[in-house]
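Protein sequence lines, in the order shown, are assigned to chains A and B.
Per this note's numbering, the very first residue in the first sequence carries number 443; after that it's consecutive.
Per this note's numbering, the very first residue in the second sequence carries number 166; after that it's consecutive.
For the record, the hints were derived by calculation from the structure and aren't laboratory data.
These numbers were taken from a predicted model, which means no experiment stands behind them.
Warning: the hint list may mix true and false statements.
Unchecked claim - Below, computed lysine to any residue pairings styled on SDA-like, alpha-carbon distance capped at 20 angstroms:
id: 1; chain 1: A; residue 1: Lys-789; chain 2: B; residue 2: Gly-253
id: 2; chain 1: A; residue 1: Lys-796; chain 2: A; residue 2: Ser-456
id: 3; chain 1: A; residue 1: Lys-796; chain 2: B; residue 2: Phe-195
id: 4; chain 1: A; residue 1: Lys-578; chain 2: A; residue 2: Asn-458
id: 5; chain 1: B; residue 1: Lys-336; chain 2: B; residue 2: Ser-321
id: 6; chain 1: A; residue 1: Lys-446; chain 2: A; residue 2: Lys-796
id: 7; chain 1: B; residue 1: Lys-256; chain 2: A; residue 2: Tyr-752
id: 8; chain 1: B; residue 1: Lys-336; chain 2: B; residue 2: Phe-195
id: 9; chain 1: A; residue 1: Lys-446; chain 2: B; residue 2: Pro-251
id: 10; chain 1: A; residue 1: Lys-446; chain 2: B; residue 2: Gln-196
id: 11; chain 1: A; residue 1: Lys-446; chain 2: A; residue 2: Gln-784
id: 12; chain 1: A; residue 1: Lys-789; chain 2: B; residue 2: Tyr-222
id: 13; chain 1: B; residue 1: Lys-256; chain 2: A; residue 2: Ile-749
id: 14; chain 1: B; residue 1: Lys-256; chain 2: A; residue 2: Glu-731
id: 15; chain 1: A; residue 1: Lys-446; chain 2: B; residue 2: Val-176
id: 16; chain 1: A; residue 1: Lys-789; chain 2: B; residue 2: Asp-228
id: 17; chain 1: A; residue 1: Lys-796; chain 2: B; residue 2: Glu-234
id: 18; chain 1: B; residue 1: Lys-270; chain 2: B; residue 2: Val-350
id: 19; chain 1: A; residue 1: Lys-446; chain 2: A; residue 2: Val-723
id: 20; chain 1: B; residue 1: Lys-336; chain 2: B; residue 2: Gln-274
id: 21; chain 1: B; residue 1: Lys-270; chain 2: B; residue 2: Thr-382
id: 22; chain 1: B; residue 1: Lys-256; chain 2: A; residue 2: Pro-751
id: 23; chain 1: A; residue 1: Lys-789; chain 2: B; residue 2: Glu-225
id: 24; chain 1: B; residue 1: Lys-256; chain 2: A; residue 2: Ser-730
id: 25; chain 1: A; residue 1: Lys-578; chain 2: A; residue 2: Val-460
id: 26; chain 1: A; residue 1: Lys-789; chain 2: A; residue 2: Met-443
id: 27; chain 1: A; residue 1: Lys-446; chain 2: A; residue 2: Glu-731
id: 28; chain 1: A; residue 1: Lys-446; chain 2: B; residue 2: Ile-197
id: 29; chain 1: A; residue 1: Lys-796; chain 2: B; residue 2: Leu-233
id: 30; chain 1: A; residue 1: Lys-446; chain 2: B; residue 2: Thr-198
id: 31; chain 1: B; residue 1: Lys-256; chain 2: A; residue 2: Asn-755
id: 32; chain 1: A; residue 1: Lys-789; chain 2: B; residue 2: Asn-229
id: 33; chain 1: B; residue 1: Lys-256; chain 2: B; residue 2: Gln-280
id: 34; chain 1: B; residue 1: Lys-244; chain 2: A; residue 2: Gly-743
id: 35; chain 1: B; residue 1: Lys-244; chain 2: B; residue 2: Thr-210
id: 36; chain 1: A; residue 1: Lys-446; chain 2: B; residue 2: Ser-294
id: 37; chain 1: A; residue 1: Lys-789; chain 2: A; residue 2: Phe-724
id: 38; chain 1: B; residue 1: Lys-270; chain 2: B; residue 2: Pro-378
id: 39; chain 1: B; residue 1: Lys-244; chain 2: A; residue 2: Gln-784
Spelled out, the chains give:
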Amino acid sequence: MAFKRLDPEDFVVSSNSVTSTVWSNNTPSLNTYFTSSTQKEGTSGPYYLNVYQTASDSDSAAVQFQIAYGNKNGGGGVNFDSAVPNVSATTTIYGQYRTLVLEDENANFIWGTTQTGSANGDNDFYVISPERARYKQTLFPGSLNLSIKSANGVATNTFIELTDNSNMVALPTYYGTQRAYQIISGSDGVSYDGSLGYDTLVGSYGLFLPDISTILLSAYALDQNSATMGINLATVQTADTFGDNPTLLYDAISSSIAPNLPTSGNVFELNSQETLTSDFVFIRARNSEYNYTENPSFISGSTGEVIFPYFINNPQTFPTTIGLYNDSNDLLAVAKLSRPIQKDFTKEALVRVKLDF
Amino acid sequence: MGYLNNAVVTVDAILTTKGRELLARNDSSFQITQFALADDEIDYTLYNPNHPSGSAYYGEAIDNMPLLEAFPSELQIMKFKLTTLPRGTAKMPVLDLGYAAITLKQGAQLAITPQTLNYLGNDQVFETSGYSATLGDVRLTNTFAGQGIQTESAISANANATETLGTNVSKTVIGTQFNITATTVNTLFGSNSQLRTTLTVTGLDSGARITIPVTITQQSLTLTA
Numbered sequence: 443m444a445f446k447r448l449d450p451e452d453f454v455v456s457s458n459s460v461t462s463t464v465w466s467n468n469t470p471s472l473n474t475y476f477t478s479s480t481q482k483e484g485t486s487g488p489y490y491l492n493v494y495q496t497a498s499d500s501d502s503a504a505v506q507f508q509i510a511y512g513n514k515n516g517g518g519g520v521n522f523d524s525a526v527p528n529v530s531a532t533t534t535i536y537g538q539y540r541t542l543v544l545e546d547e548n549a550n551f552i553w554g555t556t557q558t559g560s561a562n563g564d565n566d567f568y569v570i571s572p573e574r575a576r577y578k579q580t581l582f583p584g585s586l587n588l589s590i591k592s593a594n595g596v597a598t599n600t601f602i603e604l605t606d607n608s609n610m611v612a613l614p615t616y617y618g619t620q621r622a623y624q625i626i627s628g629s630d631g632v633s634y635d636g637s638l639g640y641d642t643l644v645g646s647y648g649l650f651l652p653d654i655s656t657i658l659l660s661a662y663a664l665d666q667n668s669a670t671m672g673i674n675l676a677t678v679q680t681a682d683t684f685g686d687n688p689t690l691l692y693d694a695i696s697s698s699i700a701p702n703l704p705t706s707g708n709v710f711e712l713n714s715q716e717t718l719t720s721d722f723v724f725i726r727a728r729n730s731e732y733n734y735t736e737n738p739s740f741i742s743g744s745t746g747e748v749i750f751p752y753f754i755n756n757p758q759t760f761p762t763t764i765g766l767y768n769d770s771n772d773l774l775a776v777a778k779l780s781r782p783i784q785k786d787f788t789k790e791a792l793v794r795v796k797l798d799f
Numbered sequence: 166m167g168y169l170n171n172a173v174v175t176v177d178a179i180l181t182t183k184g185r186e187l188l189a190r191n192d193s194s195f196q197i198t199q200f201a202l203a204d205d206e207i208d209y210t211l212y213n214p215n216h217p218s219g220s221a222y223y224g225e226a227i228d229n230m231p232l233l234e235a236f237p238s239e240l241q242i243m244k245f246k247l248t249t250l251p252r253g254t255a256k257m258p259v260l261d262l263g264y265a266a267i268t269l270k271q272g273a274q275l276a277i278t279p280q281t282l283n284y285l286g287n288d289q290v291f292e293t294s295g296y297s298a299t300l301g302d303v304r305l306t307n308t309f310a311g312q313g314i315q316t317e318s319a320i321s322a323n324a325n326a327t328e329t330l331g332t333n334v335s336k337t338v339i340g341t342q343f344n345i346t347a348t349t350v351n352t353l354f355g356s357n358s359q360l361r362t363t364l365t366v367t368g369l370d371s372g373a374r375i376t377i378p379v380t381i382t383q384q385s386l387t388l389t390a
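Chain A extracted, bound-state conformation (with noise of 0.2 angstroms):
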């Protein structure tokens, strides 16, 4: 017999997380930052701005993450038709996302514990959501470690660095089905002093959501100056006004890493998480079986006579390939071994084949 069914406890089913950098290159943190002129100014551009680790017109150029800006009242936006006030592509923007993470119309977002954001009512946040290719499932959570420093002049030298507090809370807090933790002040998923990593009266600076591999910062809680641990970014929410944010947040991210910031400052790291499932299946050879082979060279001439009269009753072989078949002998998948097995009958050969889907 040349095939040899598989028992039921042949088969392991196993899951493992794999986590590894978003980046391109997998570097582990990404200090350049270049914007395309092309896209900035082309049909997107008042949606998005794309972000390269590169010059865009590079070969190597690829895109890292988009930046976006959502305002709940069309500020920061050319609204669509001059007969329709406040709806703009902030407007666009910020119904996207509520309804892709609120799941309700009339809900605001909201940072920390009750704040929703300004007075006024804008409730609006800047995306953050690292490019598809970068990622295969998920964001890892406490890898988040953003540094932002305002770009504008309003401040001096404003300077703040941002992770989630997945590392401080025993659970997330759910919107729907998907996690949501909290923006704060701090690193690796913990802020500096123990403390919340914001101030209350001003809100989380945002929510990290890895189901959806997307970051949303509070314009609010940027917007503050540094008393109120913000950085002065200056969010544009004027009604009717191409208020160009997403360059806003660009400039403060890649500014960030101006030489006269602290070392620590230099940072935009962000990890990815995926789950594995691997297949296990044993294989196993008995000692009385599989000790012969159709090799050509096992075989002398054409009448098949075994080529050392040695082997008639020790026969040797040395397996190298492991051949998964289904029922009707199709080669689904198969394995090679580093080096061969020798095999004879004193010997038995248990190998674990791993298929990862």
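Fit chain B to the known structure of chain A by using the hints.
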């Protein structure tokens, strides 16, 4: 007294081209139920039963040889299967198809009935489980079918064997007799007068294997014995 080698070796498997095809079907055809071992790459002439240092060194030239990584083509791997035979076997099972090569003109038919020599002390020449036959490029035939094995798995396998809409894929059928009808599609030939592929037949009990070339031509039927 034999000893049990309990060191578990872990190896990563890759899907074959056929495996990907069946996985994409999203039906029950991608279901691993059995395995086989093969010793592709091994040259047993390197085994030296006259080694001056004794039997521990007979396989010295093979033991530590580096192996190639797996090929995804199911036609290029698992060529030489290991088989389970009674101790004392002096002759290995050998397949005989009756032809060393097949040449068919367009639309011509041929039935092949494999026989296994040296199997089970020559008590029988047909294997109980039958044979699997794999045609390298199913486009070259109008029909390629197996018959003679009535087990549920064989019937299912033959019923669900790959059909093609023009892609170069292999087809495997099971039986004790295989019927081939050469293609009548002229466009396959292009500017060529012949099309070529291979037919691989494997004994499901013995593991014996033989591959012969198949040529489809516009010439009259000729068979080379």
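Quick rundown of the hints versus the structure:
no.: 1; hint: A:Lys-789 / B:Gly-253; result: holds (17 angstroms)
no.: 2; hint: A:Lys-796 / A:Ser-456; result: holds (10 angstroms)
no.: 3; hint: A:Lys-796 / B:Phe-195; result: holds (16 angstroms)
no.: 4; hint: A:Lys-578 / A:Asn-458; result: holds (14 angstroms)
no.: 5; hint: B:Lys-336 / B:Ser-321; result: holds (14 angstroms)
no.: 6; hint: A:Lys-446 / A:Lys-796; result: holds (18 angstroms)
no.: 7; hint: B:Lys-256 / A:Tyr-752; result: holds (13 angstroms)
no.: 8; hint: B:Lys-336 / B:Phe-195; result: holds (15 angstroms)
no.: 9; hint: A:Lys-446 / B:Pro-251; result: holds (16 angstroms)
no.: 10; hint: A:Lys-446 / B:Gln-196; result: holds (15 angstroms)
no.: 11; hint: A:Lys-446 / A:Gln-784; result: holds (19 angstroms)
no.: 12; hint: A:Lys-789 / B:Tyr-222; result: holds (16 angstroms)
no.: 13; hint: B:Lys-256 / A:Ile-749; result: holds (9 angstroms)
no.: 14; hint: B:Lys-256 / A:Glu-731; result: holds (17 angstroms)
no.: 15; hint: A:Lys-446 / B:Val-176; result: holds (19 angstroms)
no.: 16; hint: A:Lys-789 / B:Asp-228; result: holds (15 angstroms)
no.: 17; hint: A:Lys-796 / B:Glu-234; result: holds (15 angstroms)
no.: 18; hint: B:Lys-270 / B:Val-350; result: holds (12 angstroms)
no.: 19; hint: A:Lys-446 / A:Val-723; result: holds (13 angstroms)
no.: 20; hint: B:Lys-336 / B:Gln-274; result: holds (17 angstroms)
no.: 21; hint: B:Lys-270 / B:Thr-382; result: holds (5 angstroms)
no.: 22; hint: B:Lys-256 / A:Pro-751; result: holds (10 angstroms)
no.: 23; hint: A:Lys-789 / B:Glu-225; result: holds (17 angstroms)
no.: 24; hint: B:Lys-256 / A:Ser-730; result: holds (17 angstroms)
no.: 25; hint: A:Lys-578 / A:Val-460; result: holds (10 angstroms)
no.: 26; hint: A:Lys-789 / A:Met-443; result: holds (18 angstroms)
no.: 27; hint: A:Lys-446 / A:Glu-731; result: holds (10 angstroms)
no.: 28; hint: A:Lys-446 / B:Ile-197; result: holds (11 angstroms)
no.: 29; hint: A:Lys-796 / B:Leu-233; result: holds (18 angstroms)
no.: 30; hint: A:Lys-446 / B:Thr-198; result: holds (9 angstroms)
no.: 31; hint: B:Lys-256 / A:Asn-755; result: holds (12 angstroms)
no.: 32; hint: A:Lys-789 / B:Asn-229; result: holds (18 angstroms)
no.: 33; hint: B:Lys-256 / B:Gln-280; result: holds (15 angstroms)
no.: 34; hint: B:Lys-244 / A:Gly-743; result: holds (18 angstroms)
no.: 35; hint: B:Lys-244 / B:Thr-210; result: holds (18 angstroms)
no.: 36; hint: A:Lys-446 / B:Ser-294; result: holds (13 angstroms)
no.: 37; hint: A:Lys-789 / A:Phe-724; result: holds (17 angstroms)
no.: 38; hint: B:Lys-270 / B:Pro-378; result: holds (14 angstroms)
no.: 39; hint: B:Lys-244 / A:Gln-784; result: holds (18 angstroms)
Violation of the numbered hints given earlier is absent; every hint is satisfied by the structure.
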